[in-house]
Amino acid sequence: MNTSAKTERDLMAAPKVLFLNTVFLFAGIVAFGMSFIRWQTSPLMGSIDLLFACCNGALIYYLNRHREKIEAISTVALWLAYSLFTTILILAHENSTRISLFFLLAASAFFLKGRKSGLVWLLLILLTIVSVYLLEGNRIGYSQLDIVTGCLYLIALYFIFRNYETFKETVSEQDRDKEILRLSEERFRTLAENGNDIIAIVTNKGVVQFISPSIQSILGHSPAAIIHTLLSELIHPFDRPGAAVALANVLDAQEEQATEHYECRMRHRDGSYRDFELISRNLMNHPVIGGIVINGRDVTARKQAEAQLYQLSQAIEQTGESILLTNRYGVIEYVNSAFTKLTGYSAEEVIGHLPAILGSGENTQPFYEEMWKTINQGRTWQGKIIDRKKNGQLFPAVLSISPIRDKHGVITHFVGSHTNLTELDKMEQQFRQAQKMEALGTLVGGIAHDFNNILAGMTGNLYLAKRATRQMPDVQQKLATVDQLSFRAADLIKQLLTFARKDMVNMQPLSLAPFIHDALRLCRTSIPENITISHHTHCDESLQIEGNSTQLHQVLMNLINNARDAVEESHEPAISISLTIVAADQLHARPDIVASRYARLSVSDNGCGIAADQQAHLFEPFYTTKEQGKGTGLGLAMVFGAVQTHHGFIEVESTPHQGATFHIFLPLLEQQPCPATQPAQQKQPAKPGHGELILLVDDERSIIDMGRDVLESLGYRVICAANGIEAVELFRARRHEVALIIMDIVMPKLGGVQAAERIRAIAPEVRVIFATGYDRETALPDALTVSDAIVLSKPYNIDQMHQLIQQQLTLSPPDTAVPQDSLSAARSNIAGPKAESAPPPA
1 MNTSAKTERD
11 LMAAPKVLFL
21 NTVFLFAGIV
31 AFGMSFIRWQ
41 TSPLMGSIDL
51 LFACCNGALI
61 YYLNRHREKI
71 EAISTVALWL
81 AYSLFTTILI
91 LAHENSTRIS
101 LFFLLAASAF
111 FLKGRKSGLV
121 WLLLILLTIV
131 SVYLLEGNRI
141 GYSQLDIVTG
151 CLYLIALYFI
161 FRNYETFKET
171 VSEQDRDKEI
181 LRLSEERFRT
191 LAENGNDIIA
201 IVTNKGVVQF
211 ISPSIQSILG
221 HSPAAIIHTL
231 LSELIHPFDR
241 PGAAVALANV
251 LDAQEEQATE
261 HYECRMRHRD
271 GSYRDFELIS
281 RNLMNHPVIG
291 GIVINGRDVT
301 ARKQAEAQLY
311 QLSQAIEQTG
321 ESILLTNRYG
331 VIEYVNSAFT
341 KLTGYSAEEV
351 IGHLPAILGS
361 GENTQPFYEE
371 MWKTINQGRT
381 WQGKIIDRKK
391 NGQLFPAVLS
401 ISPIRDKHGV
411 ITHFVGSHTN
421 LTELDKMEQQ
431 FRQAQKMEAL
441 GTLVGGIAHD
451 FNNILAGMTG
461 NLYLAKRATR
471 QMPDVQQKLA
481 TVDQLSFRAA
491 DLIKQLLTFA
501 RKDMVNMQPL
511 SLAPFIHDAL
521 RLCRTSIPEN
531 ITISHHTHCD
541 ESLQIEGNST
551 QLHQVLMNLI
561 NNARDAVEES
571 HEPAISISLT
581 IVAADQLHAR
591 PDIVASRYAR
601 LSVSDNGCGI
611 AADQQAHLFE
621 PFYTTKEQGK
631 GTGLGLAMVF
641 GAVQTHHGFI
651 EVESTPHQGA
661 TFHIFLPLLE
671 QQPCPATQPA
681 QQKQPAKPGH
691 GELILLVDDE
701 RSIIDMGRDV
711 LESLGYRVIC
721 AANGIEAVEL
731 FRARRHEVAL
741 IIMDIVMPKL
751 GGVQAAERIR
761 AIAPEVRVIF
771 ATGYDRETAL
781 PDALTVSDAI
791 VLSKPYNIDQ
801 MHQLIQQQLT
811 LSPPDTAVPQ
821 DSLSAARSNI
831 AGPKAESAPP
841 PA
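If you read the sequence shown in the UniProt record's numbering, its first letter stands for residue 1, the second for the next number, and so on.
Note that these hints are calculated values from the structure, not bench results.
This one's a predicted model, so the numbers in the text were calculated from it and none came from an experiment.
Keep in mind that the hints are not guaranteed to be accurate.
Cut-off 20 Å, straight-line C-alpha distance, at most; resulting in silico cross-link-like pairs (SDA-like, lysine to any residue) [stated by the list, open to error]:
1. K341 <-> Y329
2. K389 <-> E438
3. K205 <-> H236
4. K687 <-> T537
5. K205 <-> S184
6. K303 <-> I323
7. K389 <-> K303
8. K687 <-> V718
9. K205 <-> N295
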């Protein structure tokens, strides 16, 4: 529009400039010549002509230097001509200049100013002539005919110039339209050739009538190759049906110039396809276009950006971590589904709010100040935080906040991610508990050897004392009591070892439901009658676990006894035992899942409950919540160790003053075996020895003295050694006399296993019994290297030891080769108390 308007102004100004230059030049020359003639008769008139000539010269100079001011110069020229005309009209009625100005002034006004301004100037001239005639006509010498003739001429001149101006405007408008059309065509051609869009005109059949040259730069095709072809040939085969529907919709639309938007893929000359957005407009009725105009824009880059943005949004939405986006002032603008799952708040509930909606009150003000200081400095902040869910539950989380910057590096948003630490904290507590138990187990395992040696010396000497006091019943009773206390002490050590998983137990398939029935029948006698006991089994009674009945009986008894003590103050005391089957995928994520199904044994009570701060210490040895003298602190510790020995785990649910429930999870056997029943063997009392020589080896002097006395009282001869080297030398000296060796495993200078190997190298047929105060897990690996060896745990029952001695003396000589299944053989040969302490001698 600016270009066309400027062109129109230039076309209209050019004749005016030529006209003014001609008038000013002619008038200036005439006035300059007349100034010399008039100067002879009237210096005033000559001066006026000379001034007029100078003004014309100045106007010519100014006009050609400032053509854009043609309108202003025209106005000045008309006013000068009008002033000169009026002066001459009054002062020189017979002057020829007056006559020329009379005709030229009105014509110039019409030519320079147009019809409206020319009419104003005409009326001004007529008013001037009439006024001069009426005021000074008689003096000047104008007749009425002169005035009427002049006015009629000027009126006729007005109509002549009016028609001329109308014709000129018509011609100017046509010229202007042509020029505007030319400029529009040039502009369209420039846009079509250099634009980023492809413009095409197609028939109602889709045949290309016109296509912009920009197709060559965008899709690589020349326009000539596309003209008179179907546009659909450029569209991907899968997208052609949609394009055909869009074309049909445009043709069928009732609205004039209806449009249709659709997207498709168009083929590049290199064979690849680009994404395009097409807009079709129906101009079939247009007199010039007569077709459908299609504007196509390449949106491949936008589609790729949208795809990447969608993938990113889906990654954020589907991630397991809670994500929230805030503006720079902390107002939440977005949260993902993990945030909703973690906190319980929906997106609508938190968007527009501050993250303080999750505030728990557990974090201090300096904590938040440091966080904001860090992120406002453009650095990432990370730390542990305690937040609150919608339901009021607190949860620990690792919060990481990072700034988001725009292209100018200015921080506009912050993105934060929550990682729920609830399960991780539980696993950490379990790991710490396991470390604590391992440390305690190591301590217990270290002192068990010394305790067992002491107890072995006590029980052996008690056996000798009872033999010496057979005729003293009162002393026998006291000694029997001390003997029982000794084995109870040994049982305490065994419980600690079991708790610390430092002792082996004999595992076998066990039907859990019948076992619980039998165990409850035995435990019922220790429960007061005012306590209601209920038992519910929700599983097949044939389902089995691999377990040790003695340990599991102790576990159940300890839990029931604890429940009994917890309900002492209850108005309606009740204990409930239930057995159900749970699939592994229904359990919380635990690192110790080893089976697909578990048996869950639950013991519940409605007693005093357990405080939350006490639950973390329940399974620690010697920790008890009972009054002094009512608990040792080993019951639940033994339960914990026994459950771990069975590859299970234990969970506690309790609320103070509302009772407690202990859940024990034991892995079920996938294939339920049917154990074969073996006839029970009746033990025969051992017969006295016949003077067989036994080599007794131990580094504890008290054990040596007690063992020699006991063995001699049983009818054997005894020789003693304090370490492995002495034992080898003593055996080499009396190899043909020694019938059996009883040897400690851990000794200075040379251990029992190494000594036995050297002795077997001398006499492969000699029998060996290892007696040790260490736990069997420690003793077995070393003892496995000696074939057919027996491991006897201290303290041992003297009668059982005597039976083992007689069994070994009556057996055939052992094979020298170590059996392949030495572990199972050694396990089956272990003598002494296994899962329960050996009973005291009768």
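These are the hints, each one checked on the structure:
A hinted pair counts as satisfied when its Cα atoms are at most 20 Å apart, and K341 with Y329 does not qualify at roughly 25 Å. Taking the CA atoms of K389 and E438, the gap is near 36 Å; set against the 20 Å cutoff, the hint is violated. About 18 Å separates the Cα atoms of K205 and H236, which keeps this hinted pair within 20 Å; it holds. Between the alpha carbons of K687 and T537 the distance comes to roughly 49 Å, so the proposed pair goes past 20 Å and is violated.
With a C-alpha separation of about 29 Å, the suggested pairing of K205 with S184 is violated against the 20 Å cut-off. For a cut-off of 20 Å, the pair hint linking K303 to I323 is broken: about 26 Å separates their Cα positions. Our distance criterion of 20 Å between C-alpha atoms is broken by K389 and K303, whose separation comes to about 39 Å. Taken as a hint, the K687 and V718 pair is honoured in the structure, with Cα atoms around 17 Å apart against an allowance of 20 Å.
Annotation: proposed proximity of K205 to N295 holds, straight-line Cα distance about 17 Å (limit 20 Å).
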